[in-house]
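Mind docking chains U, B and H on chain F? Use the hints.
Chains as they are written, first to last, in our numbering: chain F, 1 to 290; chain U, 1 to 290; chain B, 1 to 290; chain H, 1 to 290.
Among the clues, some could well be false.
Claimed, not checked - Over the 12 Å line for every Cβ pair with chain H, so calculated as not near, a few chain U residues:
1. 155
2. 203
3. 209
4. 283
To be verified - Here are the simulated DSSO-like cross-link-like pairs (lysine-lysine), alpha carbons at most 30 Å apart as the crow flies:
5. H:154 x B:258
6. U:79 x U:273
7. H:278 x U:258
8. B:8 x F:258
9. B:273 x U:273
10. H:154 x U:258
What the hints assert, rightly or not - Have a look at the derived ranges for each label pair, beta carbon to beta carbon:
11. U:232 x H:35: 53 to 59 Å
12. U:217 x B:87: 50 to 56 Å
13. F:131 x H:245: 38 to 44 Å
14. U:61 x H:247: 23 to 29 Å
15. U:87 x H:159: 56 to 62 Å
To be clear, the hints were calculated from the coordinates, so they are not data collected in a lab. Glycine included, C-beta positions come from ideal geometry on N, C-alpha and C.
There are 4 protein chains.
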Amino acid sequence: MPESKTKKRSAILLISCPDQRGLVAAVSSFVSNNNGNIIDLEQHVDTEAGVFFMRVQWDMLQFAIPAEDLNDAIKSLAKPFNMQWNLHFSDDVPRMAVFVSKHSHCLLDIFSRILSREWNIELPLVISNHADLKPFAENLDIEFQVLPISPDNKAQQEQEIRALLKAYRIDFIVLARYMQILSENFVQQYPNRIVNIHHSFLPAFPGARPYHSAHARGVKIIGATSHYVTADLDAGPIIEQDVVRVTHNDAVQDLVHKGRDLEKLVLARAIWKHLQRKVLVHGNRTVVFE
Amino acid sequence: MPESKTKKRSAILLISCPDQRGLVAAVSSFVSNNNGNIIDLEQHVDTEAGVFFMRVQWDMLQFAIPAEDLNDAIKSLAKPFNMQWNLHFSDDVPRMAVFVSKHSHCLLDIFSRILSREWNIELPLVISNHADLKPFAENLDIEFQVLPISPDNKAQQEQEIRALLKAYRIDFIVLARYMQILSENFVQQYPNRIVNIHHSFLPAFPGARPYHSAHARGVKIIGATSHYVTADLDAGPIIEQDVVRVTHNDAVQDLVHKGRDLEKLVLARAIWKHLQRKVLVHGNRTVVFE
Amino acid sequence: MPESKTKKRSAILLISCPDQRGLVAAVSSFVSNNNGNIIDLEQHVDTEAGVFFMRVQWDMLQFAIPAEDLNDAIKSLAKPFNMQWNLHFSDDVPRMAVFVSKHSHCLLDIFSRILSREWNIELPLVISNHADLKPFAENLDIEFQVLPISPDNKAQQEQEIRALLKAYRIDFIVLARYMQILSENFVQQYPNRIVNIHHSFLPAFPGARPYHSAHARGVKIIGATSHYVTADLDAGPIIEQDVVRVTHNDAVQDLVHKGRDLEKLVLARAIWKHLQRKVLVHGNRTVVFE
Amino acid sequence: MPESKTKKRSAILLISCPDQRGLVAAVSSFVSNNNGNIIDLEQHVDTEAGVFFMRVQWDMLQFAIPAEDLNDAIKSLAKPFNMQWNLHFSDDVPRMAVFVSKHSHCLLDIFSRILSREWNIELPLVISNHADLKPFAENLDIEFQVLPISPDNKAQQEQEIRALLKAYRIDFIVLARYMQILSENFVQQYPNRIVNIHHSFLPAFPGARPYHSAHARGVKIIGATSHYVTADLDAGPIIEQDVVRVTHNDAVQDLVHKGRDLEKLVLARAIWKHLQRKVLVHGNRTVVFE
Numbered sequence: 001m002p003e004s005k006t007k008k009r010s011a012i013l014l015i016s017c018p019d020q021r022g023l024v025a026a027v028s029s030f031v032s033n034n035n036g037n038i039i040d041l042e043q044h045v046d047t048e049a050g051v052f053f054m055r056v057q058w059d060m061l062q063f064a065i066p067a068e069d070l071n072d073a074i075k076s077l078a079k080p081f082n083m084q085w086n087l088h089f090s091d092d093v094p095r096m097a098v099f100v101s102k103h104s105h106c107l108l109d110i111f112s113r114i115l116s117r118e119w120n121i122e123l124p125l126v127i128s129n130h131a132d133l134k135p136f137a138e139n140l141d142i143e144f145q146v147l148p149i150s151p152d153n154k155a156q157q158e159q160e161i162r163a164l165l166k167a168y169r170i171d172f173i174v175l176a177r178y179m180q181i182l183s184e185n186f187v188q189q190y191p192n193r194i195v196n197i198h199h200s201f202l203p204a205f206p207g208a209r210p211y212h213s214a215h216a217r218g219v220k221i222i223g224a225t226s227h228y229v230t231a232d233l234d235a236g237p238i239i240e241q242d243v244v245r246v247t248h249n250d251a252v253q254d255l256v257h258k259g260r261d262l263e264k265l266v267l268a269r270a271i272w273k274h275l276q277r278k279v280l281v282h283g284n285r286t287v288v289f290e
Numbered sequence: 001m002p003e004s005k006t007k008k009r010s011a012i013l014l015i016s017c018p019d020q021r022g023l024v025a026a027v028s029s030f031v032s033n034n035n036g037n038i039i040d041l042e043q044h045v046d047t048e049a050g051v052f053f054m055r056v057q058w059d060m061l062q063f064a065i066p067a068e069d070l071n072d073a074i075k076s077l078a079k080p081f082n083m084q085w086n087l088h089f090s091d092d093v094p095r096m097a098v099f100v101s102k103h104s105h106c107l108l109d110i111f112s113r114i115l116s117r118e119w120n121i122e123l124p125l126v127i128s129n130h131a132d133l134k135p136f137a138e139n140l141d142i143e144f145q146v147l148p149i150s151p152d153n154k155a156q157q158e159q160e161i162r163a164l165l166k167a168y169r170i171d172f173i174v175l176a177r178y179m180q181i182l183s184e185n186f187v188q189q190y191p192n193r194i195v196n197i198h199h200s201f202l203p204a205f206p207g208a209r210p211y212h213s214a215h216a217r218g219v220k221i222i223g224a225t226s227h228y229v230t231a232d233l234d235a236g237p238i239i240e241q242d243v244v245r246v247t248h249n250d251a252v253q254d255l256v257h258k259g260r261d262l263e264k265l266v267l268a269r270a271i272w273k274h275l276q277r278k279v280l281v282h283g284n285r286t287v288v289f290e
Numbered sequence: 001m002p003e004s005k006t007k008k009r010s011a012i013l014l015i016s017c018p019d020q021r022g023l024v025a026a027v028s029s030f031v032s033n034n035n036g037n038i039i040d041l042e043q044h045v046d047t048e049a050g051v052f053f054m055r056v057q058w059d060m061l062q063f064a065i066p067a068e069d070l071n072d073a074i075k076s077l078a079k080p081f082n083m084q085w086n087l088h089f090s091d092d093v094p095r096m097a098v099f100v101s102k103h104s105h106c107l108l109d110i111f112s113r114i115l116s117r118e119w120n121i122e123l124p125l126v127i128s129n130h131a132d133l134k135p136f137a138e139n140l141d142i143e144f145q146v147l148p149i150s151p152d153n154k155a156q157q158e159q160e161i162r163a164l165l166k167a168y169r170i171d172f173i174v175l176a177r178y179m180q181i182l183s184e185n186f187v188q189q190y191p192n193r194i195v196n197i198h199h200s201f202l203p204a205f206p207g208a209r210p211y212h213s214a215h216a217r218g219v220k221i222i223g224a225t226s227h228y229v230t231a232d233l234d235a236g237p238i239i240e241q242d243v244v245r246v247t248h249n250d251a252v253q254d255l256v257h258k259g260r261d262l263e264k265l266v267l268a269r270a271i272w273k274h275l276q277r278k279v280l281v282h283g284n285r286t287v288v289f290e
Numbered sequence: 001m002p003e004s005k006t007k008k009r010s011a012i013l014l015i016s017c018p019d020q021r022g023l024v025a026a027v028s029s030f031v032s033n034n035n036g037n038i039i040d041l042e043q044h045v046d047t048e049a050g051v052f053f054m055r056v057q058w059d060m061l062q063f064a065i066p067a068e069d070l071n072d073a074i075k076s077l078a079k080p081f082n083m084q085w086n087l088h089f090s091d092d093v094p095r096m097a098v099f100v101s102k103h104s105h106c107l108l109d110i111f112s113r114i115l116s117r118e119w120n121i122e123l124p125l126v127i128s129n130h131a132d133l134k135p136f137a138e139n140l141d142i143e144f145q146v147l148p149i150s151p152d153n154k155a156q157q158e159q160e161i162r163a164l165l166k167a168y169r170i171d172f173i174v175l176a177r178y179m180q181i182l183s184e185n186f187v188q189q190y191p192n193r194i195v196n197i198h199h200s201f202l203p204a205f206p207g208a209r210p211y212h213s214a215h216a217r218g219v220k221i222i223g224a225t226s227h228y229v230t231a232d233l234d235a236g237p238i239i240e241q242d243v244v245r246v247t248h249n250d251a252v253q254d255l256v257h258k259g260r261d262l263e264k265l266v267l268a269r270a271i272w273k274h275l276q277r278k279v280l281v282h283g284n285r286t287v288v289f290e
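Only chain F is shown next, with the shape it has when bound in the complex (with noise of 0.2 Å):
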């Protein structure tokens, strides 16, 4: 991880805008003119859409504007080209929290890495439906939350998960193999800010059972996909998709087993990329800088 790159503060700013003449222009002069140097650019233009996407990040040391007031300075920046941004910091540490069923090995994935100190992040939150993975998580000390989910409180359920994601001071959540789907209305409270990872290649075998529906068709290659949960199921933004080779030869239960080492690998990244900034999303597509 290059912690090289980020022990000294930097800022990173998002920009989404029309695409016109002078962005790229105006926004490193910015940088520049204030005595920023920039460490790491990255812009693209959607053609077909007219829109222009940019991640500039620039080192704060010597930057001639001071982090409280770089706010101001950039809606002023913004507001002539109508630009959306979102500025960060490279020492934030967000706070996550990680919804899971019964299946273990997305959540000790996240964990060894939490462990291994790989993510700059807090992990204080871990909610389920099941109290099977609780001892998983006591044994890290961090806090686990079984709120076991049936037709009749499912409204009532997400409701205690709000107030818990609120006493927590959640960031962002990961669904590590969470079976449940959220209600329409609790996506649109974590707009691109729900991680999920779902076990096919999409658009192929969304749903329930995508292993089986896979050995059913003969695929030779299975997949997994990570995206932002949108209201519609399997459907929102894809971050990071992979894929692996099967055969003839290998069961569903082999499918499960291959497909777990895919699965908690796929998510690991869409989940760096997401700490790293470097997700912009428009419409249903994702922008996934380098």
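Relative to the frame of chain F, chains U, B and H by itself:
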């Protein structure tokens, strides 16, 4: 290509039958009792369906049963086990026809393999509904028949095509980006003998314009699928698939560009498996031996 | 994981011997004549070396020869063909020891597989030359022995290690980023029973700091290699390899970051193959059945 | 291929220079102040070496500086920053020569891309030390010069080759499995303008017969590497690599078979990157923009 394995005449026996005790022993004893040396043996049991599959290849050099009597001998072997079987010889030279429309990349890739003698086949006939690619075939003295298709003449043109296939003694057909749908009637004449390439990772994006659909969905990986053609469009048994990574930076034309190389490779690998008699079909799934 | 295949007790026989007529017939007849049902059979002939390899697995449920007499029966089967063989049972529970230094990712990944009962093994012992990872093992009540190594005490520490391996009845060893070189003497005690992960695509970049070397060379793909340890450093028979794409944008730390996920996956796949008794070694090469 | 992006004339400027504040601002302001619309902009900082790399492409349609004056304008831009730079136009049609020996697959793949107009180039000349592939070139009316090479005439033949390259106004050379080593003197005439394909995953298996070496080592993955040729054999800056999985079942001839498809693809991708002016070389490493 394993020429060393195929230079000497060998027999290739493909078997499928209800799974039962003693199948491998019966077949392998049949070979060794007749002085055959097994070059290759692969078997697979579909435990769910209770079906046994086998491919065994043995040297004919000192084999006690001459090639012309082998069919009868295998009939006797097969009967008590209720085997379905096919017998081939390594020095058979299958006769292939290629159907194309306007895209040249798959056809030219096939031509290059013919020119370099990578495959031990004859390619006496190319059929197209357009004349665009005719010069490439003429360069190689391969017959190129143009049969334009309209809603009115489709049935009649298929008649023509069948006559040509008969006249040229064609064993199997390759649809190398042939943009026409063959009639159910036609397809049934060539069961598991029409190999198609579809430019998506099936079952995602069947039908027309898959690259446009993939781009609209914002997938991070595109694929190509080669399958035997059945009456259901893009739903036949899959022989081979592969994928390539794409990004937000790839416009539809870039997907087309990246996809072309994928299509020609996946199709070539499927043809190669078919030629080596390594593909067995059961329902809508394949067993593809290594 | 194919639990359904292994739940019932089955025998697994691994064979290698000079290639000759009648091998498959002899083995498969031995199984079926004794009322065994073959679950899985794979064979390979190394035509250059003239060596035959086979793995056959059959159901013991109605098998005529009881498990305790099977060794003798196979001895008789093997003798005329000069077979080398190993017999295992699907319900054997191998005892694994893991050696680590300071990197946690492979160890934690192994722990997560133990926790989720992905593998049917015992992991009673972890050995390290550093104490850093001890807390992770203690969390799971796994014995973690710290044996610091210096040029002076190396031979003595290996003595200690051997005593521990004996005391804990260890069947095989996994070097999960253990940064020490084992003595030739030690290695010879565990032929094809020490699985290492090396963080490069061998034979490129053997030895120390392969990510630095890969970065300096400017490769576009990095890899990881799992192999059995032999007296020659990083030169033992390869079990599994995989790769991941990198770009000019990846600094050495980014290679380390991307490589970590690769290492843990490649190592886990190699262990899984080893556990399934699917790896046969011949000279410096492996036959890894599917 | 992104024809839509290149149909209209655009300028492509490649820059490398010591990293310093204000580089992106200076270049992007130069473009926008002269009414240029940036189509594509990518930058990279090698923080270790302290070197800045940039590729910027802009529309020439309404650009204030005419193409014939652009060199001078960029000279002024470049001077204060000590930039090394290259200027290209999207409608330049580079002239490529291909060197081959006896293997046809890479040459035929290049021919098929020429025939389908996938690349916007001229291919007026093929040079070989053998006559074997001459008929394929003649089919397409491409000049094919046979210059047999022996230890005695090597220097003289290189003289001939240089004369031909001059006569045909060749911009860059592709070694499409050309089995001869070019002299240091020759190589220095075409810095970063000779693209080679080597049939291994470099730095593993440089030199002759890499498939034999890969087989002997028992690797589970083979690769191909395309790089610019330097005086050191198989050690030049890598442009592109890719790999394919192999097994114990693959004899050397099978590696050759699988490798052929890999070689032609990796070479084609490297040529495509070179044609798009997306490759910058620094020391022995490349920056390959997306």
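Hint by hint, here is what the structure shows:
1. 155: The claim holds: residue 155 of chain U sits with its nearest Cβ about 32 Å from chain H, beyond 12 Å.
2. 203: 24 Å, holds
3. 209: 17 Å, holds
4. 283: Per Cβ check, residue 283 of chain U is outside 12 Å of chain H; nearest 27 Å; holds.
5. H:154 x B:258: 45 Å, violated
6. U:79 x U:273: 28 Å, holds
7. H:278 x U:258: Since the Cα atoms of residue 278 of chain H and residue 258 of chain U sit roughly 16 Å apart, the hinted pair holds (cutoff 30 Å).
8. B:8 x F:258: 22 Å, holds
9. B:273 x U:273: 26 Å, holds
10. H:154 x U:258: Distance ~39 Å between residue 154 of chain H and residue 258 of chain U Cα, so the pair is violated.
11. U:232 x H:35: 53 to 59 Å: With Cβ atoms ~55 Å apart, the hint holds.
12. U:217 x B:87: 50 to 56 Å: 52 Å, holds
13. F:131 x H:245: 38 to 44 Å: 41 Å, holds
14. U:61 x H:247: 23 to 29 Å: 27 Å, holds
15. U:87 x H:159: 56 to 62 Å: Check passed, 60 Å falls within 56 to 62 Å.
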